[in-house]
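All chains should be built: construct the whole structure from the sequences, respecting the hints.
Residue numbers (our numbering), protein chains in the order written: chain A, 1 to 88; chain B, 1001 to 1461; chain C, 2001 to 2385.
Worth double-checking, as some hints may not be accurate.
[What the hints assert, rightly or not] Cut-off 30 Å, straight-line C-alpha distance, at most; resulting in silico cross-link-like pairs (DSS-like, lysine-lysine):
| # | chain 1 | residue 1 | chain 2 | residue 2 |
| --- | --- | --- | --- | --- |
| 1 | A | K44 | B | K1389 |
| 2 | B | K1389 | C | K2160 |
| 3 | B | K1389 | C | K2028 |
By construction, these hints were calculated from the structure, which means they are not laboratory data.
No experiment lies behind these values; they were computed from the predicted model shown.
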Amino acid sequence: MSQFEIEFTFDGKTISAISGQSVGAALLAANQRSLRKTRFNKNKRGIFCGIGVCFDCLVVVDGVTNQRACIIEARSGMQVKTQDGSNA
Amino acid sequence: MHNVVIVGGGPAGLSAALAAAAAGAPVLLIDSNSRLGGQYWRNASDNFDNQNEQHFDLETGLLLINAVKARIEIEVWSEAQIWSATNNEGKFTLRIIHQGKEKIVNTANLILCTGAYDRTLPFPGWDIPGVMTPGGVQSLLKGHGVLAGKRVVVAGTGPFLLPVAAGVIKAGGEVVSLLEANKSRRWLTSFNVILENLTKIKEAFYYIKTISEGKVRAHFGYAVITAHAGGNGELTSVDVAKIDRNFKVKKIKNIKCDVAAIGWGFTADTSLAGSLGCRQVVAKDESVTVWVDNDQQTNIPGIFAAGEITGIGGSDLSMAEGVIAGIAAAKFVGCKVEVLKAHRKRRAKRQRFANALIKAYPVKSGWQSWLNDQTTICRCEEVSLGDLKFSVEELGATDSRTAKLFTRCGMGLCQGRICGRSVVDLVANELSVLPTDTDRISAVNRPIITPIPLGVLAQGE
Amino acid sequence: MKNPDAIVIGAGVVGACTALALSNAGLKVLVIDRGPIASGTTGAGEGNILVSDKEPSAELTLAIRSRNAWFELDTDIGGGFELEAKGGVVVSRSEKGVSDLKKLASLQKVNGVETIELDASALQEAEPFIARDINYGVLYPGDAQCQPMLAAAQIIRAVKKRGGSFIQGENVIKINSTSGSIVGLTTDKNTYSTPIVVNATGTWAGEVAKLANSYLPILPRRGFILVTSPAPKLVNHKVYDADYVANVASGEADLQSSAVVEGTSSGTILIGASRERVGFKNDLNIAILRQLARQVISLFPVLSNVQLLRAYRGFRPYAPDHLPVIGEDENVSGLWHAAGHEGAGIGLAPATGELITAQITGAIPFMDPAPFSPKRFKGGEYVAV
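Below is the structure:
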């Protein structure tokens, strides 16, 4: 791994990212498009606006819900999970 | 001498900061992103190569950003989010979440440069993962070095589609289709404006060259009207319609893709200005903007505004406005400086260009005919068009605010930023009336500007 | 509808319930509001339907009947306003608070309110996330919740289906009477004839009484509600600390606040409650938002990480003795007032409708309405009835 590569997990799977990338960008690069299920209809959602305005790309990061994947910078050892409705 | 406080680190805010500092006023620049540049110069950290490829004029941006960083008279707070702003008879209080804690800034002088974000229209399937905005696709490329997908459809209206399509191609992706809803010839009706702005033409040709080299043809008078998901619930194809000049559907065909980048111009974020009591007006493109005078001052003495919130007009206009706002604000706090005629002329030239663009890329109401009752309108709260219609027809809502109270439209995490504008149009259409300015303006006002954890709120003063 | 049997001014929850009760009694009712449905206090309401916060009194009797009436109404009109028999838990940390709570609960029990005492472990089971240093609470299974704007709208919808009408956007400028009896009213657009006018304008009831040359001392008491982003289910019931009950009855001019919190069916958490006498001032009082946040975190520490998304304010209408006004005007016969419910408007609305309809039609009311009569304000002075 180069000095710029880091690793985090998404639902237990190891994902590599370049230091400075957002969690959402790294997941997309790893072909992971769905990030959460909506709370009423359980529909899949992913990145929509990409700039932190729409709050669609919500994931659970280290146990904390409602984190915008497109804005949160990926860090080594982060544990990211699909957000189910409002729940971790 | 008091500080000039500037909110927003994009083209307008950076220009204002430099102009004010050059005039002798100490500046505090508050920006919510981790790196300066706003949306327009959204740049990646130094870990990424090939950044120049993604920007037409990154040099200008880097110049301004580095100049701001170099000036000791400019203090920068990055990753600082304003959650509340109040106006107490000329004393403006900003409550900011910075590094997990709350900070309070009191000032008598403010320049608001809070920018804009992609305007989106709801349509069946727009909430499927894989449907994004052009800004989102571009941000992933410019800011994170990631191509959103391999087969990309770029659609909507406006010149912004060009750099996004060019960016995808330069990054090795395929632009399956580039669809502009309006006809190309609208552009040509303003010859003198084009001549005035030759660098913009150069810029356009730069993108067009990239696009034709990528063997992509632009289609005019077409739009994406439906998105389809595969078995895994993610985007597999879109329905593309030939549309008439009112955006009503004439013919439909299906195109396979894994990303659809769809945008319809921009929506300004005026919530901070509205919170402080600044007068807002509805512009020709029906967006809500902040009214300013010839010196970029709002109706509230001491509050200036520049950039997209005073009218969508692109980065060049934003920079010209930022310079004037910075000088005028510095003068307001006592610096001996004047806005020069040259500043105003440059702004006027760019304003003419921006006006021509707005005329060339309207969004016509026929988009509402693409929807059905199951179409999601409020993404956050999963409110459908049918729910909205029920609130009007059965529950008696006669404006978008009441419809919002009955359906929860706009009450989710994005605080109505994505759906608000569309809800105003849809409710008015249900009532067979034209949307009022009051309705449009009330849809953008948010006393809580951005969500704040209760724990942080509790600890503040 | 130019000659309705009755006109109700005000399309908030009290006006809507009154119109429904009158319609069900066979009258043709016209509801008039100068603005949209629920655009007054109802639109800022939390949706509380409580029996827990009242001492044995006429108001408790009204509240018990009204709570049951809500569930009957829900069945009658086919629901659609998120009515939920959620239950309330009142807690206290202090010795005095606990003993006062025990006394109140036993009095309430004797008067028809179901109460269940909760010791520390029962409280933890009822509310797993409540602060661990709270050792005593009382569960009120009777407390319920609804969405007040939807309630008003669904009720007006039912009124229209039963032969009534609703007019939005007309401002009443005069209430007309001849020889001390109502003959109708005039708005900025029309004149209507009717022998019965019900003033259900809440915080503006005093102004409307003036339009009939009469008097009603109703003043506004501002309150804020915080709304969080959608959260996991962290709060199972309505939960309040015992101060809430004392707060309602107090008359102090300063800001009063105490912790009231509950989840909603949409996943957001509602946090109150504050009371200020600042007239109709519209600003956002940040100090109050902070105080409400502190208080709720003291009850539920886990809420520290939940985000505030919206805050809204409303003006509760209150009379000097903190009792609602439900009865005929002292001076003008045929003019009825159904207003001044302070923070209990939503809970008390259906029973108010029943009580006033019985008085209007001459039927036997379910309770003696005398304590709520506007005649207690004789000539501008409060006189105990």
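Hint check results:
1. A:K44 - B:K1389: The hint holds at about 25 Å.
2. B:K1389 - C:K2160: The hint holds at about 18 Å.
3. B:K1389 - C:K2028: Since the Cα atoms of B:K1389 and C:K2028 sit roughly 28 Å apart, the hinted pair holds (cutoff 30 Å).
Comparing the model with each numbered hint stated earlier shows that all of them hold.
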